[in-house]
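Chemist: Read off the chains here:
4 protein chains.
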Amino acid sequence: MIRVGIVGGTGYTGVELVRLLLGHPKVRLEIVTSRAEAGQSLADHFPNLRGHTTLCYEEPNLARLRGLDLVFFATPHGVAMDMAPELLAAGVRVIDLGADFRLKDPASYEHWYGLAHSATDILAEASYGLPELFREEIRNSRLVANPGCYPTAVILGLHPLLQAGLLHTDSLIADCKSGASGAGRTARLGLILAETADNVQAYGISGHRHRPEIESVLRRSSGQELELQFSPHLMPMIRGIHATLYARLNRSVADTELQDTYVHRYAQEPFVDVLPWGSHPATRSVRGANVCRIAIHQPRPGQVVVLSVIDNLVKGAAGQALQNMNLLFDFPETLGLEPIALLP
Amino acid sequence: MIRVGIVGGTGYTGVELVRLLLGHPKVRLEIVTSRAEAGQSLADHFPNLRGHTTLCYEEPNLARLRGLDLVFFATPHGVAMDMAPELLAAGVRVIDLGADFRLKDPASYEHWYGLAHSATDILAEASYGLPELFREEIRNSRLVANPGCYPTAVILGLHPLLQAGLLHTDSLIADCKSGASGAGRTARLGLILAETADNVQAYGISGHRHRPEIESVLRRSSGQELELQFSPHLMPMIRGIHATLYARLNRSVADTELQDTYVHRYAQEPFVDVLPWGSHPATRSVRGANVCRIAIHQPRPGQVVVLSVIDNLVKGAAGQALQNMNLLFDFPETLGLEPIALLP
Amino acid sequence: MIRVGIVGGTGYTGVELVRLLLGHPKVRLEIVTSRAEAGQSLADHFPNLRGHTTLCYEEPNLARLRGLDLVFFATPHGVAMDMAPELLAAGVRVIDLGADFRLKDPASYEHWYGLAHSATDILAEASYGLPELFREEIRNSRLVANPGCYPTAVILGLHPLLQAGLLHTDSLIADCKSGASGAGRTARLGLILAETADNVQAYGISGHRHRPEIESVLRRSSGQELELQFSPHLMPMIRGIHATLYARLNRSVADTELQDTYVHRYAQEPFVDVLPWGSHPATRSVRGANVCRIAIHQPRPGQVVVLSVIDNLVKGAAGQALQNMNLLFDFPETLGLEPIALLP
Amino acid sequence: MIRVGIVGGTGYTGVELVRLLLGHPKVRLEIVTSRAEAGQSLADHFPNLRGHTTLCYEEPNLARLRGLDLVFFATPHGVAMDMAPELLAAGVRVIDLGADFRLKDPASYEHWYGLAHSATDILAEASYGLPELFREEIRNSRLVANPGCYPTAVILGLHPLLQAGLLHTDSLIADCKSGASGAGRTARLGLILAETADNVQAYGISGHRHRPEIESVLRRSSGQELELQFSPHLMPMIRGIHATLYARLNRSVADTELQDTYVHRYAQEPFVDVLPWGSHPATRSVRGANVCRIAIHQPRPGQVVVLSVIDNLVKGAAGQALQNMNLLFDFPETLGLEPIALLP
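Chains as they are written, first to last, in the UniProt record's numbering: chain A, 1 to 344; chain B, 1 to 344; chain C, 1 to 344; chain D, 1 to 344.
Among the clues, some could well be false.
Using C-beta positions, here's what the derived DEER-type ranges look like [to be verified]:
id, chain 1, residue 1, chain 2, residue 2, range
1, A, Pro-106, D, Asp-170, 38 to 46 angstroms
2, D, Arg-139, C, Asp-82, 53 to 61 angstroms
3, A, Thr-186, B, Asp-255, 30 to 38 angstroms
4, B, His-168, C, Asp-255, 22 to 30 angstroms
5, A, Ser-206, C, Asp-44, 17 to 25 angstroms
6, A, Thr-186, B, Gly-190, 56 to 64 angstroms
7, D, Gly-67, B, Gly-184, 45 to 53 angstroms
8, D, Asn-61, C, Glu-257, 50 to 58 angstroms
9, B, Gly-114, C, His-168, 29 to 37 angstroms
10, D, Arg-35, B, Arg-35, 28 to 36 angstroms
11, C, Asp-44, D, Phe-329, 30 to 38 angstroms
12, D, Pro-25, B, Leu-189, 28 to 36 angstroms
13, D, Glu-225, A, Glu-136, 32 to 40 angstroms
Think of the hints as simulated: they come from the structure by calculation, not from any bench.
Think of the CB as a built atom: it goes at the ideal place given N, C-alpha and C, for glycine as much as any other residue.
One chain only, chain A, in its complex shape (with noise of 0.2 angstroms):
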């Protein structure tokens, strides 16, 4: 049994790392922070946790935090940076569901994040929490950057043919679509009902804090240079990322060679599931569940897409952390990560 905390428990990242760890056999979630909702409880704010959590939110204190196994932070970019250091130093293990530790150059998180890396010492040893990519680096760290969620769609999906070296890396593209709760519990105009439902529109498609993640991930996981057109589309869903992404093979490559490279590539994998050639996954056929569905299409020759899907908050954030956390401390992974997807 492990004693676990979690800064920052007031969105959606948050609540849904409540609800997994409270389902999970080897852990006692302690503490849950947040300065604005300090005192009251997590019930009262998440109807779903009333009769299975009696907690109540607490200021963040690194004094009691420090007493933990493992913290998570599901905190806006900045916050991790600041707490990280004396938690590590301390003993504690750390897992960031913000942005601080996914990108290993201080210029590049600057650029993207507006705001200078306060920790850069130990940026270098955080592990991209990707386990399908990065496991061995994973389980021998005790900093591990909670990948963003659409990267986490759009990597699953791209690196078995990257790996084999079967494309041309100056024309990748990923369509994404995701839904509104990957923009937070916030309380913004452009995310209330009467101007998201009914109605699709693309945003950042100039630049996005998750293209730089992705092209450097990808290049570190293939070894080659490659550029990345990212575009995130807003839906009127919940939950759920769709990537459909776009590349063209630099040979000749059968359809059954295409589909066997990703069927052994993710063979092991507990939370990948490569579906029949040609199939067309569907968001809902993962919400709430811990698992990337990954379909190839080879329209015309030369031309591959590949369907790729998320929770966004579940492998796109909680779930996948939780997973993380499982490598951290020898658990067997898919612990506590069982849950069907909820369909309808």
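We have chain A; now place chains B, C and D onto it with these hints.
Modeler: Relative to the frame of chain A, chains B, C and D by itself:
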């Protein structure tokens, strides 16, 4: 470990049963039948099940079903009453999620369902599977009539006041709002998204099959004659029932006494959650969970409004069926029903 | 050609007024004010207006507004009562889409809106802008209180039976379902899509500002004392109100007599559509149109259920305001209000 | 005043045609046919039409249709090509909203629609009803092939750059998102709300009938050979298409030159709205309106992303058909198409 089967596994109630049964530690799901889809794998039909089961649909076959401990019927009315007698005779217990055993009066059944009842001999012995009202009957029965979704929300909402003898019983009103999954997994024009999204519409205002079910159960449980206006409405959402219940007190009752009536009545119930006085429960607070959340209001002296929400597929169908199964087999009542509602 | 202005043009009521006024052949929209957005073009704010107007928001300025024939207030309560007296004094007519002139009793206004009424001298002369009940008063007034959205649906639905003296008046119930645009264009956490989609929830069950408005108007129009339980619910849709109205007859009345009561009462009304007996009107059948569709049921002798639907932004706000404008200026009452509802 | 008819008036394209034609000052809609619903009133079928028309569906009857000036076909493919020759011979003009005359090559038609073309003699003379590209051809034709919804959004979005010769033509991609009304008014399981709401899913990635239509029109309009990957996705919304178009420049082009290319190309077009550089158009900004809004991005040198949105039932079907009708009969091109989009 008990061995169970599902007759009729291609609807929403069926897939929800499968989802929950696969997570139940004392159950082995062995047979799921479907005439139309015999031979096909469940996971091909319901992609959320991929990786969780290798079961295939099979033709309903009494010889095979007779070997089980328990059979669930997730079928349209008329099927269970034909097959149940033979299963019961073979010692198999039966939980019917359809309507065949909910109305004790065969004439009423024929009136509302347009079909003569073919198993009147076992109709009398069927327990009504609402554990909060009929727990002991259920425990001692071999045939359980699982309640309708609307009746579950309405009966749990009105029962405490009726039992306490506090209501005028000639003016009960249940204004109910249901997600579209309540209409089943059927290809009907009136259910397609372009007809139902961004729309609210009542149906069956002048008469609906759930009215006699609610009335007869409330009469029995309260020992009072009563009449209820039942008004169902179709909502542009997938899951959830919101029952807004109107009743008039037959004497002056303080708010605190009303609240206490509910709190005490349901104090020991693991799946009924009485909210603080004057709350407004949200259907999303129960999405995917086997719970009914209830709040009480007295806007003007004598006028009571009770709000009651459930997930129509869980506490309103498959979850309640598992709860009944737990009672039938002396498992802890909450076993397999721990999952927290999915929010957002 | 009359010259009109809108004070407060950045909300949904405001943009809907602009949409309708731009299509009205006898109107020149000259001024739309907004303190916050002064100087910005309307079309930048509301992209549906691109190509239809070059107007920019301007600061509210009484000197400029005094030169108009008519000013609409699409503002929160409190604004119109401060500015209207001076406009009326200058000969400008005023239609207030806010709540300042709906309640005739200043004490009631102060109770429900938390603000002392600052223009009690003109409160008495304000007509209540529901043409179907108060057409002549409106024609002869210079200040119109445009009804609330819920009151429009409820009053039109209950008035014929009350006027005919057929109802017990102590047990009226209005169970109302509204699209989220009714909550306004405001950045509130409780309105974001991830909180409101796939969800149904009541609010204000114990008391809501529209209840005294409905009650006082129905008392006046029917000449009877009465009490009404008003229960609003937030729906996961953008536009539309569905009012489900419950009343008990004070004598035996045949279905045909009930139907005739409505048909005759509204026979000359261009914007009230009485459906065939026993129908179930859909909110989508009025989306974008200035019409109220009504259907009547008598599920059991003595129990009447009336279903009444409107578009909250059209017949419930901006469309009705144009209808009132047409009356004030002796235009044909339907001018500019011909568009057919958008379905699907 | 011209006399027009609609063959096939029970689908969404049909009802939208009726809505728009009833508001057109130069048109008398005389006949709407439906085999299945003959004798029934349109308003019974589509409640938004109540009070606006007393027309009833009638059996399709060439003798009666021959007396009209214009017949619209809002039918599945295969119907128009059977009936059009006789109508043309009688001097009636024809606008086919189906697919029968969109592909000039009968072999391609047969390949994609699974039907031999039965009117190849008139196929050649059919104009392609996209006025922005083929206005004069349309004016001079008696048979118009109204474009598909996706092709309208994609072609208008890509044409200016292709015409200007700025693109590599071997790597065009159209990632398209469509509301569910695009799938038609049909009782299909895959379209019911419980399957499609809160869900995003691609379909037809490996091949879709609109790809050859787009490719052949763009080849003709640009005089260049080209290939396009077309990827449609089903959105949980009712109306709207969002096309995200990817292309690579064949030379270095400044952002301002790209923007000017669009602004100049569409400067005289009443129904194409070029947004400021770098904008993100929303489908809701065109809901119910006959307009295509377009925005251009160059996220990295050489990589162009064009965003193009339409209402699939208006500019993508019925509205465009009226625009073509206006051309055929020398009416002002915008007549009857003035309504502003419904927002929110």
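Chemist: Next step is simple, just say for each hint if it's right about the structure.
Modeler: We went through each hint and held it up to the structure:
no., hint, result
1, Pro-106/A / Asp-170/D: 38 to 46 angstroms, "40 angstroms, holds"
2, Arg-139/D / Asp-82/C: 53 to 61 angstroms, "57 angstroms, holds"
3, Thr-186/A / Asp-255/B: 30 to 38 angstroms, "35 angstroms, holds"
4, His-168/B / Asp-255/C: 22 to 30 angstroms, "25 angstroms, holds"
5, Ser-206/A / Asp-44/C: 17 to 25 angstroms, "19 angstroms, holds"
6, Thr-186/A / Gly-190/B: 56 to 64 angstroms, "37 angstroms, violated"
7, Gly-67/D / Gly-184/B: 45 to 53 angstroms, "46 angstroms, holds"
8, Asn-61/D / Glu-257/C: 50 to 58 angstroms, "42 angstroms, violated"
9, Gly-114/B / His-168/C: 29 to 37 angstroms, "35 angstroms, holds"
10, Arg-35/D / Arg-35/B: 28 to 36 angstroms, "32 angstroms, holds"
11, Asp-44/C / Phe-329/D: 30 to 38 angstroms, "36 angstroms, holds"
12, Pro-25/D / Leu-189/B: 28 to 36 angstroms, "33 angstroms, holds"
13, Glu-225/D / Glu-136/A: 32 to 40 angstroms, "49 angstroms, violated"
Violated hints, listed in ascending order, are 6, 8 and 13; each of the other numbered hints is respected by the structure.
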